[in-house]
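Spelled out from the first residue to the last, the chains are:
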Amino acid sequence: MVAERAGVINLGLEGMMLVGAVLGFLAMNETGSAVTGVLAALAAGAAAATVHAFFSVTLKANQIISGLGLTIAGTGLAAILGGSVVGVPARDSFGDVSLPLLGSIPGVGEILFRHHALVYVGFLLAPAVWVVLRHTRLGLHLRAVGENPAAADAMGVSVAAYRYGAVLFGGALAGLAGASLSLAEAPGWSEGMTAGRGWIALALVIFATWDPLRALVGAYFFGALDVLGFRAQIIGVDIPSTVLGMIPYVATILVLIAVTVLGARKRLGAPDALGVPYLRES
Amino acid sequence: MTAFALAARSFIVQLVAVAVGVVVSVTLLALVGTSPTDALEALLRGAFGTDFALTQTVLKAIPLALCGLAVAVPLLMRLWNIGAEGQFHAGAIGATFAALSAPEWPAAALLPAMIGAGMAAGALLALAAAVPRALWGVNEIITTLLLNYVAILAVAYLVIGPWRGAESFNFPVSDLFSPAAALPRLGSSQLHLGVFFPLIAAAILVFLLHRSPWGFEVRMIGASPGAARAAGMSTRKNVVVVMLVAGALAGVAGMVEVSMTFGRLQQGISPGYGYMAIVIAALAGGNVLGTLAAAILFGGFVVGGFALQTLGVPQAFVLMLQGIILFCALAGARLAGSRLTPWLPLRLRRGEAGEAALQKEEPSIP
Amino acid sequence: MNDREHLVALRGIVKQFPRVRANDRVDFDLRAGEIHALLGENGAGKTTLMNILTGLYRADEGEIRIRGEPVELRSPRHAITRGVGMVHQHFRLVDRFTAAENVTLGWHSPRTVIRRRPLEEEIQRLSERYRLRVDSARPVWQLSVGEQQRIEILKNLYRGADILILDEPTAVLTPQEASGLFESLREMAAAGRGVVFITHKLEEVTAVADRVTVLRRGRNVATVARADTSEPELARMMIGHELPERRAESAAEPGEVVLAVSGLEADDDRGLRALSGIELEVRAGEIVAIAGVAGNGQRELTEVLVGLRPARAGRIVFRNRDVTNASVARRIAAGIGYCPEDRLRQGVAPSLSVTDNLISKRYRSAPVGHRFLLRRRQARRVAAELARRFDIRGADLDAPAATLSGGNVQKLVLARELSADPALLIAAQPTRGLDVGAAEFIRRLLLEQRARGRAVLVIGEDLDELLEIADRIAVIYEGAINGVFRAREANEERIGLLMAGRAA
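Residue numbers (my numbering), protein chains in the order written: chain A, 1 to 282; chain B, 283 to 648; chain C, 649 to 1152.
Bound conformation, chain A alone (with noise of 0.2 Å):
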């Protein structure tokens, strides 16, 4: 998300998130901590980005081959490294934390206040990234370089360092979210445990149009869908779960449509550069 702002699509975000969910639990468990864990995990994902970013901004190389080659290699080298932790029980993890008070609200407080640590960690960077592309010079200028370099560039933004930078807070990002499944969400390792989050996540940006809180209120409501599928299940509403899950992603393509059709790109927010390298002239 970040990084796309930044004008580098990244198709790399599932290799990013494996790697960081296997290292963050390796790393756990060497260590016995979680929170260690999550900083390996930090590491891996931005490691893992460095990648794509030499590729897309130095050798500004296809993207989307870029991308996807960081997925793939980046789903097998979990597996190998996770190879012999399969099934492993994890020794810390990330419990439940209620929130004092606000937990105890019967109802909401469920919903809201009674998860793991990194749920929280979620629910307040969405805010403060959108804080800090909006009002701060970083944000400015990382919105510029993604929008038109050329421009960015005649006024003295480093274009290449911006989208370094990006791509690899994009990708710690990426590993954290890998973390919160191998550290919290269901303690351990399996192969391909992320299960096509990071497609989400790339439809949930442009479902969001850009723009982290809306990114953060599509992510739950994407989440809720999952979630119902279960439910409906249970409470032996015949909907299907897989025709639940088919939901995000048609209604990801109807946005795109919406968008495109509308010409509306300005308003809502695709970066204009997005996805072409830049090539400064002369």
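Don't read these hints as lab results, they were simulated from the structure.
Don't be surprised by glycine CBs; every beta carbon is placed ideally from N, CA and C.
Treat each hint with caution, since some may be false.
Said to hold, decoys possible - Some chain B residues close to chain A (C-beta under 8 Å, calculated; not the full set):
| no. | residue |
| --- | --- |
| 1 | 414 |
| 2 | 428 |
| 3 | 432 |
| 4 | 435 |
| 5 | 604 |
| 6 | 605 |
| 7 | 606 |
| 8 | 609 |
| 9 | 612 |
Stated by the list, open to error - Negatives, chain C to chain B, calculated, CB over 10 Å:
| no. | residue |
| --- | --- |
| 10 | 765 |
| 11 | 774 |
| 12 | 918 |
What the hints assert, rightly or not - With beta-carbon atoms standing in for the labels, derived distance ranges:
| no. | chain 1 | residue 1 | chain 2 | residue 2 | range |
| --- | --- | --- | --- | --- | --- |
| 13 | C | 1029 | B | 486 | 25 to 33 Å |
| 14 | B | 419 | C | 855 | 36 to 44 Å |
| 15 | C | 1046 | B | 298 | 20 to 28 Å |
| 16 | B | 298 | C | 720 | 42 to 50 Å |
Keeping the supplied structure of chain A fixed, place chains B and C upon it in accordance with the hints.
Showing chains B and C alone in chain A's frame:
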């Protein structure tokens, strides 16, 4: 430089990239304590070393080649079909529909029906991305990618729901197809008629691309959208046609797999053929024959990966191998002064005009 | 006045490009508090000279002094620290940002968190002072082109530029916006800044400049105070030489009207009106030239005529058939040939073979196309014959067209177009960038078309060439035909005035 020298040069670059990729990958295996030389040997022997291995490799290469073509053909027009995976699943659904609807038909009728239904279903899914692209310029990379999940979930829905087999003991699989739904085997070997499908497809494609007005338009639009427009060609029409062809190709792959490998519809019928296909097509630079060659290579990697498991290396190693090869190819192409884009000759790519053209014509997203 | 009193003094600037000497020992100076117009035709070297002053290019020879001090300008960023700011023809704004965000972009203040309000107020103050009215809180894409230009100017002022260069700033403005801009420029000059105003329009020189420097073919023809000169004199200095001999006068009177254009309107890529009521007639057996300074609608006119750009209003009648909304393919079939300006993007597909490019408009018709087949042997035979007839040299027919030289690419394009025997050939800049021999060959081909009773429409910038081959010349100015005259009755003053937007 002549066209031939250019092709030869890019072929050599890719070959080196593959070799470097393999070496880097097996060296990485040392990290998890496997001897790289042992691994390399096991990989190659497992893929190409024995008759059995070769047969398996060729069988794996069938869906890979068909899906690879499904990516390569749109790539000729600078369209990224990330959706071969979904079109493959759609093809499987189509073929299954035919097989379950008419189990009493003889093979001579049922097989063509399955192929036709598979092609139609794959093409239909591709159409869902092609039409928005043609009419409004909606980015096809994202739509095809997302449609993959729709198709995969549709398979899940069908085998859990309406098509769950009577004899399946509640497993989410369809009934086994009638024997007439299986492609005839060649002699006593494991190989079957499907082996010819990619060859036939490739032959038809090569012929159409180079010997038909339609193919000429596709190549011209891919080579230079501006010149094609000035020559009065319709980009919209060809976007749709090309994507239909792509969907149909991947659909056939889905048909072959449900017909032969599984004999019924179930989940997990593809270990990511559609994604490997992108790697394959990218490596082949959109070239039809190159796609076939790369498909065999990758089929070998998949099969060789099984052999590696005896050394305690997970099957997923093959995925990493592919990813790394892809990166090597990317880097190699850059170092050789080109891109993994088939439509501009080297000389122009280096030149100002080439860069300008690329910048202008690279589709922006979305 | 010596150099010390000049804001800028350029002495003996030389800039050599591979093909041309863009600046040849040019002297130029700018005083504080003046608006200095830089006048000249396209390719006279105006923009190059200013790019040197802004550090985009480096001069091969010569000296740059700013406020009397010799300087070496390494980049536009460096130039702005010296107070030199330029507003380019193509704005470099981030569309989705507000005016305030664009102005502050890249400005490294100690603050990391942006406080919008004070910033917007500061910009508002600056804009009011110079009458550069902008709404600083709205995103740029919602603003008019005039406002966007004002933001570009503000960007420079905000960074403290006191030497402001504007490259043909009125090209994108409405007359009202232009006069508003002139007022702002006068304010800036009154505040002691120096303004360089690149233009080719005489009326603007008259309207706003204190002094004028006329460049022609990379040389400084004259620097004069506006009060000491007149528009006809400036026009003469701009064109500046005897007109060339006419040649190959057409023997017979032109025949029937092949192309009749009336009230034609169209938009450019940005959706702004580029053509506003074009009236034009081309007859069989004549060459009509569209002359004018680049960017006055030539490209749009060409594209509308061949069907690549939709017409907003008006009619195009070709051989008594209305083709206003016909597809490109239908126009080709009707007999319109097209030799595009951008050869490598529209003329040929560079990566396809010479043969493929030669047949790219006849691949469906006999003998090359045959039902569902493309007959390679026929294609090659046709290609070989065309290559011989049109003298396409340097590559074998199976090699990519990109391996041909520029002249041979152009021959290829004309071979393809002329072999279809079009009733009308539309040729945009047919000889631009070609060597002398190839250019001559192309001109001969056009004259041959005329001799065979076909119609030719040439769109060009090289006035000499147009006068040499055309029978009639239509001058285009701001999207309309400003005057048509017979080439043999042309004189430099009249052309200069027409091209610069004056009636003559």
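Checked hints:
{"no.": "1", "hint": "414", "verdict": "holds (5 Å)"}
{"no.": "2", "hint": "428", "verdict": "holds (4 Å)"}
{"no.": "3", "hint": "432", "verdict": "holds (5 Å)"}
{"no.": "4", "hint": "435", "verdict": "holds (5 Å)"}
{"no.": "5", "hint": "604", "verdict": "holds (5 Å)"}
{"no.": "6", "hint": "605", "verdict": "holds (2 Å)"}
{"no.": "7", "hint": "606", "verdict": "holds (5 Å)"}
{"no.": "8", "hint": "609", "verdict": "holds (5 Å)"}
{"no.": "9", "hint": "612", "verdict": "holds (5 Å)"}
{"no.": "10", "hint": "765", "verdict": "holds (34 Å)"}
{"no.": "11", "hint": "774", "verdict": "holds (34 Å)"}
{"no.": "12", "hint": "918", "verdict": "holds (15 Å)"}
{"no.": "13", "hint": "1029/C with 486/B: 25 to 33 Å", "verdict": "holds (26 Å)"}
{"no.": "14", "hint": "419/B with 855/C: 36 to 44 Å", "verdict": "holds (43 Å)"}
{"no.": "15", "hint": "1046/C with 298/B: 20 to 28 Å", "verdict": "holds (27 Å)"}
{"no.": "16", "hint": "298/B with 720/C: 42 to 50 Å", "verdict": "holds (45 Å)"}
Of the numbered hints stated above, none is contradicted by the structure.
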